[in-house]
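Residue numbers (this note's numbering), protein chains in the order written: chain G, 26 to 289; chain U, 64 to 406.
No wet-lab data here; the hints were simulated from the structure. Please read all numbers here as calculations on a predicted model, not as lab measurements. Just so it is clear, CB atoms sit at the ideal spot from N, CA and C, and this is done for glycine as well. Hints should not be assumed to be uniformly reliable.
Derived DEER-like restraints, expressed as beta-carbon distance ranges [stated by the list, open to error]: (1) U:206 / G:211: 33 to 39 Å; (2) G:156 / U:91: 43 to 49 Å; (3) G:47 / U:102: 34 to 40 Å; (4) G:50 / U:81: 35 to 41 Å.
Lysine-lysine pairs mimicking DSS-like chemistry, simulated, CA-CA at most 25 Å apart [unchecked claim]: (5) U:70 / G:169; (6) G:74 / U:299; (7) G:82 / U:174; (8) U:70 / U:133; (9) G:82 / G:70; (10) U:197 / U:117; (11) U:224 / U:140; (12) U:133 / G:139; (13) U:234 / U:224; (14) U:140 / U:117; (15) G:253 / G:36; (16) U:174 / U:128; (17) G:36 / G:260; (18) U:140 / G:70; (19) U:299 / U:281.
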Amino acid sequence: MNKTDTQDGSKRVSRINRFFLDLHDVFLFVVRIFKEAFLPPYEFKEIVKQCFEVGVKSLPLISLTGFITGIVFVNQSRPSLSEFGAVSWLPSLIAIAIVRALAPLVTSLIAAGKVGSNIGAELGSMNVTEQIDAMEVSATNPFKFLVVSRVIATTTMIPILTVYTTMLALLGGFINIHQHEATSFQTYFTQVFNTVTFTDVFASLAKSIVFGFTIGAVGCYKGFHSSKGTEGVGKAANTSVVLSMFLIFIEELLSLQIVMALIS
Amino acid sequence: MSTGENKRSVQVGIFVFLGLVIFIVGVLFLGGQQKRFIKSIEVSAVFDDVGGLKTGNNVWFSGVKVGTVKAVKFYGKSQVEVTMNIEKEAQEYIHKDAQAEISSEGFIGNKIVVIEGGTPQLASVDDGDIIRAKAVLGTDQIMETLQENNKNLLKITTDFKGLVSKIARGKGTIGAVLTDSILAEQFKATVNHLERASQNAERMSGSLASYSNRLNTKGSLAHELVTDTTVFASIKSSANQLKQMSQSANQLVDKASQATTNVVTATNKLNQNDNALGLLLNDQKTSADLRTTLKYLESSSRKLDQNMEALQHNFLTRPFFRRQEKAEAKAKRDSLKNAGQQP
Chain G
26 MNKTDTQDGS
36 KRVSRINRFF
46 LDLHDVFLFV
56 VRIFKEAFLP
66 PYEFKEIVKQ
76 CFEVGVKSLP
86 LISLTGFITG
96 IVFVNQSRPS
106 LSEFGAVSWL
116 PSLIAIAIVR
126 ALAPLVTSLI
136 AAGKVGSNIG
146 AELGSMNVTE
156 QIDAMEVSAT
166 NPFKFLVVSR
176 VIATTTMIPI
186 LTVYTTMLAL
196 LGGFINIHQH
206 EATSFQTYFT
216 QVFNTVTFTD
226 VFASLAKSIV
236 FGFTIGAVGC
246 YKGFHSSKGT
256 EGVGKAANTS
266 VVLSMFLIFI
276 EELLSLQIVM
286 ALIS
Chain U
64 MSTGENKRSV
74 QVGIFVFLGL
84 VIFIVGVLFL
94 GGQQKRFIKS
104 IEVSAVFDDV
114 GGLKTGNNVW
124 FSGVKVGTVK
134 AVKFYGKSQV
144 EVTMNIEKEA
154 QEYIHKDAQA
164 EISSEGFIGN
174 KIVVIEGGTP
184 QLASVDDGDI
194 IRAKAVLGTD
204 QIMETLQENN
214 KNLLKITTDF
224 KGLVSKIARG
234 KGTIGAVLTD
244 SILAEQFKAT
254 VNHLERASQN
264 AERMSGSLAS
274 YSNRLNTKGS
284 LAHELVTDTT
294 VFASIKSSAN
304 QLKQMSQSAN
314 QLVDKASQAT
324 TNVVTATNKL
334 NQNDNALGLL
344 LNDQKTSADL
354 RTTLKYLESS
364 SRKLDQNMEA
374 LQHNFLTRPF
384 FRRQEKAEAK
394 AKRDSLKNAG
404 QQP
């Protein structure tokens with residue numbers, strides 16, 4: 026065994042150690058979020074402010090995305106269904122696709138890009154400029170003020186944004202279907218609600234809560250633990266987006282398995 | 064709290080409020096569609112095969128959704144019990160002998176339970192009742208039948224192919240008809256004849272038309288025959304006479320028939336021995352007696368002849384016979400004389 030091999034082996038061990046240490050840190054971070062969220066004092070003003078940033082400010086972008094998603098999905102599905110004369114099934118298809126998967130996923134991905142990067146960059150720059158340390162010195166709990174408020178905001182606002190996205194995507198789908206098949210508003214929504222079940226609605230809601238929490242927690246964690254310097258801020262913003270998107274897909278996969286198990 | 068913060072709070076409040084309103088309306092609408100918030104009764108049916116029916120699938124009655132499948136679970140050895148939530152409003156239309164069957168919303172649609180109402184004379188179903196299940200053909204069985212049909216179709220098309228091939232080669236009657244040039248010529252000639260016949264028929268119909276026109280022309284014989292009441296009366300009278308004649312003929316025939324019957328009766332009597340003629344004709348003894356009598360009569364007449372001969376030569380009767388001869392000769396002469404005088 027030569028010297029290079031020894032160095033590679035020790036690097037690998039240190040990476041694995043770091044991974045598990047990071048995992049431990051994440052676990053402690055999440056536990057602390059829950060703990061701080063339920064313990065007073067509550068930072069209502071900051072929560073409302075973050076809700077405004079996450080929810081209200083993201084609404085136009087996410088609504089437009091949802092609306093376009095509905096139109097595009099119907100347009101792309103029509104040729105396949107028309108091949109075996111099942112175009113009348115488009116409302117059912119779009120209802121299932123949007124309520125079960127597309128609405129929470131699209132909302133969360135857009136929010137991860139917009140809100141997650143914002144949180145990562147904001148907390149990262151605060152960390153770099155030692156504002157977080159300053160808050161601690163001034164007897165303010167920076168974790169509660171910065172992290173918990175943001176995580177609560179994303180966890181509550183993403184489900185509401187998902188509701189908006191669902192409605193607008195269904196509306197977009199209706200406009201397209203009405204234009205091509207002249208289906209009435211009542212027929213369309215009757216068919217939509219005939220197909221969708223309570224399980225679908227609550228699974229979608231539960232998923233969007235988890236996705237919201239993930240976006241907030243990842244953004245805050247990455248920003249809170251960013252390395253020093255301007256490079257660290259950019260890295261924190263970037264990794265918070267990438268990681269939260271990756272985790273959203275992993276959670277989507279897991280939630281699908283859970284919902285399928287519940288249904289069967 | 065600053066104005067900016069207030070404004071932000073209001074906006075967040077509106078945002079959250081509208082989101083919640085949309086969500087609640089959606090849930091209520093969904094519940095309404097799935098009949099979740101209305102009173103319902105539970106009815107079960109036991110099937111041999113549910114064909115993939117799942118909890119939450121619809122229950123239809125007369126083409127209207129009246130409930131959903133609440134549970135699907137095994138029953139007995141291999142059967143499946145399907146518990147359904149039926150809305151209270153539909154209860155009165157579903158009777159005790161109602162039948163449930165597994166169907167689907169379309170050819171590729173979700174599975175559903177279809178309930179057929181049953182006899183109106185019976186009471187309506189109650190909560191917890193088990194209604195009868197109707198076995199239906201599954202997709203596999205339908206596909207099997209279709210497969211069988213396909214085989215038959217293949218056989219038919221193969222046979223038809225052979226048939227067409229034979230016809231094309233000119234085999235068989237139809238093949239000969241289609242390929243034989245002589246037959247074709249004959250067919251052509253037949254068609255020509257038919258054409259001529261149709262032309263004749265056309266001419267005939269033209270003649271008939273002109274004849275009917277003439278019938279309608281006043282003053283013509285045909286028109287008079289058809290329309291003149293006097294001629295019609297004469298024809299009617301002639302017909303009546305003919306009728307009377309035929310009646311007379313009938314009577315005559317009846318009488319002839321009666322006469323024939325009498326002749327037959329007489330003939331029958333002649334064949335019997337209970338009358339004189341019948342006895343004469345049929346009885347051999349009588350015949351023999353008659354023959355003997357005739358012999359006697361012949362002998363008697365011969366003897367009478369001899370006697371008469373003798374009598375003519377007798378002196379007592381001779382003058383009588385001579386006078387008679389003279390009278391006869393005289394009458395003969397007179398007649399000859401009268402014949403000579405006539406031109």
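Against the structure, the hints:
About 37 Å separates the C-beta atoms of residue 206 (chain U) and residue 211 (chain G), a value consistent with the hinted range of 33 to 39 Å. Distance hint check for residue 156 (chain G) and residue 91 (chain U): the Cβ-Cβ separation is about 47 Å, which falls inside the suggested range of 43 to 49 Å. Distance hint for residue 47 (chain G) and residue 102 (chain U): a CB-CB separation of about 56 Å, inconsistent with the stated range 34 to 40 Å. For residue 50 (chain G) paired with residue 81 (chain U), a C-beta distance near 38 Å keeps the hint of 35 to 41 Å intact.
Straight-line distance between C-alpha atoms of residue 70 (chain U) and residue 169 (chain G) comes to about 24 Å, which keeps the hinted pair within the 25 Å bound. The straight-line distance between the Cα atoms of residue 74 (chain G) and residue 299 (chain U) is roughly 122 Å, outside the 25 Å bound, and the hint therefore fails. Pair hint residue 82 (chain G) plus residue 174 (chain U) does not hold up; C-alpha atoms about 44 Å apart against a cutoff of 25 Å. Note on residue 70 (chain U) and residue 133 (chain U): the hinted pairing is violated, with a Cα-Cα distance of about 48 Å set against a maximum of 25 Å.
Distance restraint check for residue 82 (chain G) and residue 70 (chain G): the Cα-Cα separation of roughly 17 Å lies within the 25 Å cut-off, and the hinted pair is therefore satisfied. For a cut-off of 25 Å, the pair hint linking residue 197 (chain U) to residue 117 (chain U) stands: about 18 Å separates their Cα positions. Simply put, residue 224 (chain U) and residue 140 (chain U) have alpha-carbon atoms about 52 Å apart, too far for the 25 Å limit, and the pair is violated. A C-alpha spacing of about 43 Å is found between residue 133 (chain U) and residue 139 (chain G), which places the hinted pair above 25 Å, so the restraint is violated.
Distance check on the hinted pair: residue 234 (chain U) and residue 224 (chain U) sit about 14 Å apart at the alpha-carbon level, within 25 Å; holds. About 20 Å separates the Cα atoms of residue 140 (chain U) and residue 117 (chain U), which keeps this hinted pair within 25 Å; it holds. Taking the CA atoms of residue 253 (chain G) and residue 36 (chain G), the gap is near 23 Å; set against the 25 Å cutoff, the hint holds. Among the hinted pairs, residue 174 (chain U) with residue 128 (chain U) is consistent with the structure: their alpha-carbon atoms are about 13 Å apart, no more than 25 Å.
Straight-line distance between C-alpha atoms of residue 36 (chain G) and residue 260 (chain G) comes to about 22 Å, which keeps the hinted pair within the 25 Å bound. Using a Cα cut-off of 25 Å, the hinted pair residue 140 (chain U) and residue 70 (chain G) is violated, with the two alpha carbons roughly 64 Å apart. A threshold of 25 Å between alpha carbons decides the hint, and for residue 299 (chain U) with residue 281 (chain U) the separation of about 22 Å falls inside it, so the pair holds.
In summary, the numbered hints that this structure violates are 3, 6, 7, 8, 11, 12 and 18.
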